[in-house]
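Asks: This is what each chain is made of:
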Amino acid sequence: MASQLTTAGGPANPVPPAGKRKSVMGTRPWVAGLFLLPAFVLLGALVVYPIGYSVWRSLYDADGSGFVGLGNYGDLFGDDATFTAVKNTAIWVAVAPALVTGLGLIFAVLTERVRWSTAFKLVIFMPMAISMLAAGIIFRLVYEADPDQGVANAVVTGVHDTFAESSVYPKARPSTESDLKASGGGAFTSTGTVSAGSPALLPLVGIAPDKVPGDPGDAESAEPSGDGVSGTVWLDFKLGGGGQKGAVDGGEKALPGIEVEAVKDGKVVASAKAGDDGTFTLPASADGARLRLPGSNFAAAYNGVDWLGPSLVTPAIIGAYAWMWAGFAMVLIAAGLAGVDRNLLEAARVDGANEWQVFRRVTVPLLAPVLVVVLITLMINVMKIFDLVFIIAPQPSQDEANVLALQLVNASFGGGNNQGLGSAIGIVLLLLVMPVMIVNIRRLRRERRR
Amino acid sequence: MTAPSVPLKDPGEPGKAGKAGRPSDAAVDGSGPPRRSLGSRLAGGAAGGVMRVFLILVALLWVTPTVGLLASSFRDPTDIADSGWWDVFTKPSQLTTESYSTLLGKEEITDALLNTVLITVPATVLVVVIGAMAGYAFAWMDFKGRDWWFVAVVALLVVPIQIALIPLADLFGDLGIFGSVLGVVLFHVGFGLPFAIFLLRNFFAEIPRELLEAARLDGAGETRLFATVILPLGGPAIASLGIFQFLWVWNDMLVALIFSDSDSRPLTVALTEQTRQFSGNIETLAPGAFISMVIPLAVFFAFQRQFVSGVMAGAVK
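From first to last, the protein sequence lines are chains A and B.
Just so you know, we're using numbering that gives the first Met the number 0 here: the first sequence kicks off at 0 and counts up by one.
Just so you know, we're using numbering that gives the first Met the number 0 here: the second sequence kicks off at 0 and counts up by one.
Since the hints were derived computationally from the structure, they do not count as laboratory data.
Note that beta-carbon positions come from the ideal geometry of N, C-alpha and C, so glycine has one too.
Keep in mind that a hint or two might mislead.
To be verified - Label pairs and their in silico Cβ distance ranges:
{"#": "1", "chain 1": "A", "residue 1": "R359", "chain 2": "B", "residue 2": "K90", "range": "44 to 52 Å"}
{"#": "2", "chain 1": "A", "residue 1": "R359", "chain 2": "B", "residue 2": "G104", "range": "56 to 64 Å"}
{"#": "3", "chain 1": "B", "residue 1": "G104", "chain 2": "A", "residue 2": "V204", "range": "40 to 48 Å"}
{"#": "4", "chain 1": "B", "residue 1": "K105", "chain 2": "A", "residue 2": "A298", "range": "43 to 51 Å"}
Only chain B is shown next, with the shape it has when bound in the complex (with noise of 0.2 Å):
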């Protein structure tokens, strides 16, 4: 867990990290002191036709492979068959939904896709709750031996996920929930509480204790204060790990692999047994990926800052 490092790192210059979150800072310019560096130098004189030839053929080589695979997955078998996905452009009268419609139509990809969703959401949402009550305690409780405890925490950001494979499959075999939705969910929630508390009981320090004292003043136990105080100032902390833990388990193929059988694999798993037979399979796999991919690309474009911070902060994992 080197990310949030990052941050921890520089503690002198906060802003520095800061920008981690915002690429359009790097944008913007003109008031500040004199930022003359190579790219800018190279920006203003003969050569900088040429950095900006490259650059938007850099973005072309960048859009190009998923463009190939949004093209393939509206055009039918055949034409998939005889031509390259480029044909399109000349012949945008390939265009069809129907790979779309077929998938859809097979009730292994919409239970799979339904199987997803049960197993990202609870996975979410038990992953945020335990953690920022740990996060909360960690904060701002008083217990014995409290930091050794949250360095045995932070100790675990970094446990790669494999080591847990070979256990777990044979405990949950024992528990009997090998093969279930809910092995599936009880793995990444594991995993990923570590962050979650690092994450949230960082934030959560920074709440002002006035704010808190205040609470206590008015009589709020506990629980309130956790309920009224804690939760609704550390939104942004929640937002961003709400975002990352969502998409890491949404994304997520592995545990999936090992922990699911045929009723209850996500969408990931579902279209990884078709990639054996790949350039046979394409008007399956081209739709079935665009479809895993439609939520966190929304995600990614509706929450940029968030998800930005949040990919940055656990990239380690």
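The shape of chain A in the complex, shown without the other chains (with noise of 0.2 Å):
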């Protein structure tokens, strides 16, 4: 269609100028008349008076009966939730367009002459075939918060996981027998100092029994071991009850790998960790100091980024959005490519310049004509966007990802009821659009005179 398009303003086929077209028919006006009646009623009807409508009820406060004059223009800059929207509008104009477009332009350049390139084509060029509707719960599903549905955060901990080693008991916390108090960041400290000889007993409680990671052995009393302090770590809670409080009783746990650091004044004197069955032995100048179970065994697992949150839902909308609209960004940018004369390129070479100059200073600037297309169009649909925002945005952070377009619907059909503020940010984005429409205009009129 678009190559009829084409041709169609084409001097290889030119259209006649309209007035030497005469009609074949020598129609009589009433007939064209007729031809044209239902679009004309539908267009005025659904488009036009809608655009009349919006301007002067724009000028009108909440329920249409006073007349506020441009109050509710104002209100896109008085209104905290109107301003947010417009804010990220700005956002999304300027980030989301560029991006796309910068994809694009990589996919073109690189698939120019790898074999396979229909193939990739399609891939990129799929998403713009589903309702934003779909892509909105397809990337739904991406962000999931929790590492175990979201394939985005698994990706994120599982790299995190590989750099980092993670506590492996985050919620295990000193049973209330034990002599172990919270000693700020996390940590736990004996109030009693341990002497050697007498072994110590460091009871926890908080993770099930059958939870305990890897699943480890009984724990075992420790043994005294000379000079050195000994003692044992341990889940002090019974499958099934029974069992003393305190006390190391057979078929509780161990908690293999916690870390146990004895301290006097305050500094660290030795260090040890649980063996498999929950004992540790530390030196003898652990002899009269305090232990402490530091806060790096409990720390709460790592489990990724909050994409949906206040501070990150913006961009991984963006996000969702520029795998959307890659592929068209793609397409449109690929076949300016195959228009740009390879005799400049070649030229370019042959004065010595290298790949990425010939790029950089020969195929963008020939280029220039398709991105500005690709930009402005793009630009267009972002100032509109509402579906993915209204799909991925969570109900708590949907005010802070608000943009124009669901700022109208929630203005006037949501709780808001604000059908005058919602006309003024129709008439806004009515307004942002129109140097395109008279763009437009004027390429319709330059063509006609040829």
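With the hints in hand, could you dock these two chains into one complex?
Replies: The following block contains the structure:
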């Protein structure tokens, strides 16, 4: 279709100038009227009339009874929710089109001579076929906070845990029978001191016995170890009840790997890790020290990024948008690339330019008209973004993610019931696309004159 | 409406914008003049391997979200709550169509699916027919101020649909069609027409004058000329327009969200209401979203050329 449109204005097959192209039929005006009537009635009632109505309505207050002049337009900056929407729409317009065009340019250039470029382009273009709603659901799933649900956090936590060891017992805490007290930073320190020869008992609770990571064996009471200080760290809870609080009973789980520090006057003098049976042994220097279980044992597990939280929600949704629209930019830019004169590139190379310089100084400038069209198309599209934000942003962060089109709907049909403000937002959206409207008309008239 | 202006913009290079509809053209090589760009140079050298790996990774990145939805739609609620969808690769036994049968057993969903069809088909047919009539009049009939009227239609191309939400909600309320299928259809027809008229007028104007004159000599009247010459010859443009309009209405959520009620709402709106409690509703949302995607994807793979050019041309809507 696009090619047909092209030739419609092309010199190879010029449209006869309007004045010369007479009707073949010598049509009577009323026949033309009949062919046009349905379209004109519908356009008048459904498109033109609403514009006029919105202009008028935007000058009145929420319920339409009081004239407020330009007050509703002032609310664009005065009303908090609306101003957030203005700011976010500005972010969208500044970031998303450039990002998408950049991706499209990279993909178009890189696939130019790859044999399977058609398959690649199909994959990238496919999201254009589906609804914003479906794309929204797809990305809501991608961004699910739980790393066991959302693939984004699964990847992030996977990478994180590869580089940083995560703690094993995030929910454990000392049992009430123990001498351990919270000592800041998530650590627990004994109130009394330990001495060589009498094994220390460090009972913890807070984990279900069948949920202890790694499914360790039963805890053992530590043997006294000569000059050193020994002890046991274990889960002081017996499945099915029974057992004595604060004592190592048969069948109670060991908590291997917990780090135990001996602290004297605020300084760590020795440290050890609990073994498979929960016992640990500190050197003689620990005699008379307090025992501390540092906070690193209990640090909450890393759960990834809060993609849809207040601070990241807009970038996250822009990511989903880029996924949808990169194919659009890629296809248009690839078409432009196919029309670039190779001799110009060759000439630049003969003059000693390297590939990057050729790309930067020759290809991109030659593509500039296409890039501008893609950018402007995306800007118009992004100004009116609604579905993606509405679906992806969860209720708690929807205010932070608000955009103009969403605020229009919320203000007029959501709880707001302020159709004056809604109409003003609609008019602003229309004014924003006005320059493109004028460019379209100019182009049309220029062609007619040819 | 900038996309149609791509072709308008470079009338001197007919092939250029036309290639937008044929992504495969870029893959054609060998016979033409040397086309060594950054990409092709890279493809040859040692960097070629790196580039290919990069492109494969990008392609994987692009399909992963959709695969995630598809995999989730074939798991039961317990599995969904317990582990990530990627588990299906190691435990294919988890796959089940249970979610689909549950979903399609719900009357609210089948009704919504039916409504989607009831909205989409008339909204597409009406736009094509009314748009073709007006396009023909603009292309081949003489009447006063024809060019000015056409400029006015072109001006309407970029009017955002958001501006009509409030006025038409009021108007349809007065007419008693707010909340009905008819209201949603009318809205889509109104905002589909400028693009339809623009596209079809330009295409119809290309039909050789001789064909029309010959038909006229055979004694064809205006209506017969329209039905027997214009419509058949306009086939390709009508197909592109039809596909674009069909998908636009099928995929719409915003208009239906406001203009339909619980009896007339299409699938997109029925699903939207489930997204408030997202993680608890995945077993409904995943198959539901996939059902809503099946038709567009089928159209996409079956009519790639018309699809791509249609989407390109109408992108700004």
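Asks: Against this structure, judge whether each hint is valid.
Replies: Here is what the structure says about each hint:
The hinted range of 44 to 52 Å is satisfied by R359 (chain A) and K90 (chain B), whose Cβ atoms lie roughly 49 Å apart. A hinted range of 56 to 64 Å for the beta carbons of R359 (chain A) and G104 (chain B) is consistent with their spacing of about 59 Å. At about 46 Å, the beta-carbon gap between G104 (chain B) and V204 (chain A) stays in the expected band of 40 to 48 Å. Checked against the hint of 43 to 51 Å, the pair K105 (chain B) and A298 (chain A) passes, with Cβ atoms roughly 44 Å apart.
Going down the numbered hints, you'll see the structure goes against none, and every one checks out.
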